[in-house]
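Residue numbers (our numbering), protein chains in the order written: chain A, 1 to 297; chain B, 1001 to 1288.
Some clues are possibly wrong.
[Unchecked claim] Under the rule of at most 16 Å between Cα atoms (straight-line distance), these lysine to aspartate or glutamate pairs were calculated in the EDC-like manner:
id : chain 1 : residue 1 : chain 2 : residue 2
1  : B       : 1122      : B       : 1105
2  : B       : 1129      : A       : 178
3  : B       : 1269      : B       : 1280
4  : B       : 1179      : B       : 1162
5  : B       : 1049      : B       : 1101
6  : B       : 1129      : A       : 181
For the record, the hints were derived by calculation from the structure and aren't laboratory data.
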Amino acid sequence: MLVFGLAIIALALGMGFVLYTQGSVPIRGQGFFGFLFETTWNPVSGVHGAWPFLLGTIITSAAALALAFFPAVGVGIFAAEYAPPKIGSVINYLVDLLAAVPSVVIGIWGIFVFAPWMRDTFYIPVYYWAVESAPALLPVLGAPASYNIITATLLLALMITPYTVGLTRDAIKLVPREQRDAAWALGATHWEVMRLGILPYARGGIVAGAILSLARALGETMVIAMLIGNSNRLPFTFFGPASTMPSVIANEFREAVETMHLASLMAVGFYLFLLTFVVNLIAAYIQRKLNIGGRVL
Amino acid sequence: MAREMSDTTIAVDQRVEKIAWDLTSRPAEYDPDVHSEAVRMETRELSVKYGKVVGVEGISVPIYSNTVTALIGPSGCGKTTFLRALNRMHDLMPSAAVTGEVLLDGENIYGRRVDPVMIRRKIGMVFQKPTPFPTMSVYENVVAGLRLVGIRNRAALDEVAEQSLRQAALWEEVKDRLKAPASALSGGQQQRLSIARALAVEPEVLLMDEPTSSLDPKATARIEQLISELKSAVTIVIVTHNMQQAARVSDFTAFFFLGSLIEFGTTNKIFTSPEEQRTEDYITGRFG
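Extracted from the complex, chain A is given alone in its bound form (with noise of 0.2 Å):
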């Protein structure tokens, strides 16, 4: 077993590494911090900066868990405490299966109904009303296209949901039912024994899932890859493409002929797994710092 759990250590360890050597050249000529905030990644003219890509994911992710969090969390109380047992079940039912469709299916989804149907509902009207009567928001919003930061990010947070709302009702499922009892025993509504006996216990668990969804957003692929246009010029707008830092790795691979360029990939690489690994170092920190699940009381 000791062997094993140092085997993974290792193993995490090794590929950050590896990731770091690869990529040591883009990162050493201009500096850790100078290639990440170079605004400019044009492989063409050899200039790489993981500024574009590291804004698109931190957008992106951040965008994603902010609309997917308070109804997560509310569905996942909801399954937790209030629901029927037999409504509750199949709640659980669905969002383990939307947890489980893949990417990929998301993307082609993405793609073929919901990137049309925004833009027809929504980018084009929305747009044609700033010509009309808002200019000022024109730079902002930028001209309409079905592959967009918003598109993506809403698919995003739908795909997040699930990881959210099962990390909430783990949290809410673990709160000791002694706990529970002694705000019952004082005379307490059940939303007044949520809030007394039930949240405080479960907010460490229901924080650090989130961060974790987050950790998730910030590290998916496909779906983005698919539906956020894929541009690396800087400003996005918020009707225009963009990138992160895992589609623009996906994206450009096979393309990258250059040593450069393939160096400047593992580069992104390399800042994308540091940053995945502070988010989940400060999942567990909160995790640890809030949960009073786990201290003796």
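Model the placement of chain B on the given structure of chain A, informed by the hints.
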């Protein structure tokens, strides 16, 4: 380590003496003239079933005002099930079905128009493990029940908090750290905090489900002393695995076995001259 052990030994010795004293100070016989008018609660043919499994069946027993009633019996005999029926905690388990009546001051708490939330405000409960709300301060824990009923007046809350903590014999230990998180207290202190929280809403009855089973002997002795002190203010029903504890703290004892009430009477009678052979066998340690 050595010191702790000697402390424990002394505590046990003191308690053995106290049992003898307690038993002689109790009324030997159940006296209807003294007790009949002071019935606080009463169960009539109370049964609890989990699906097809019978928890308790046909329990009829009075609970007298300002006394301590102990529920004893071997594990799985239904005493906790019975206790939880007394403030409708079974409502929370969809599989549990309660039949029969539980009267509080003559009114059936399972009546059609009765709100279980209101019942639980009148009938408080303390559990096996201490259950302070871990993210709240000591003070907030004590006043949690008052906040639920909408009391916001700071002075009133302060007063009740102090009074409840004094009643629970915890005030001297926590008065300087009311703002500290409840999880920072020791196990025994947390249990007294749970008691203080239950007392703060001034319940008529306090149900205790093995309140000392997770505590060390010293903390246990403290809680037992507290129970004896509290009965002037509140009627207490206590489930205990510990025969000595029942003898020490209770005025009445109900012996449960396999979901039935075998015998009910004054503690003195149950422990010295029980009518049922099974009661005697259990009390003298022949089974259970």
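Original post:
Against the structure shown, which of the earlier numbered hints fail to hold, in ascending order?
Top reply: none
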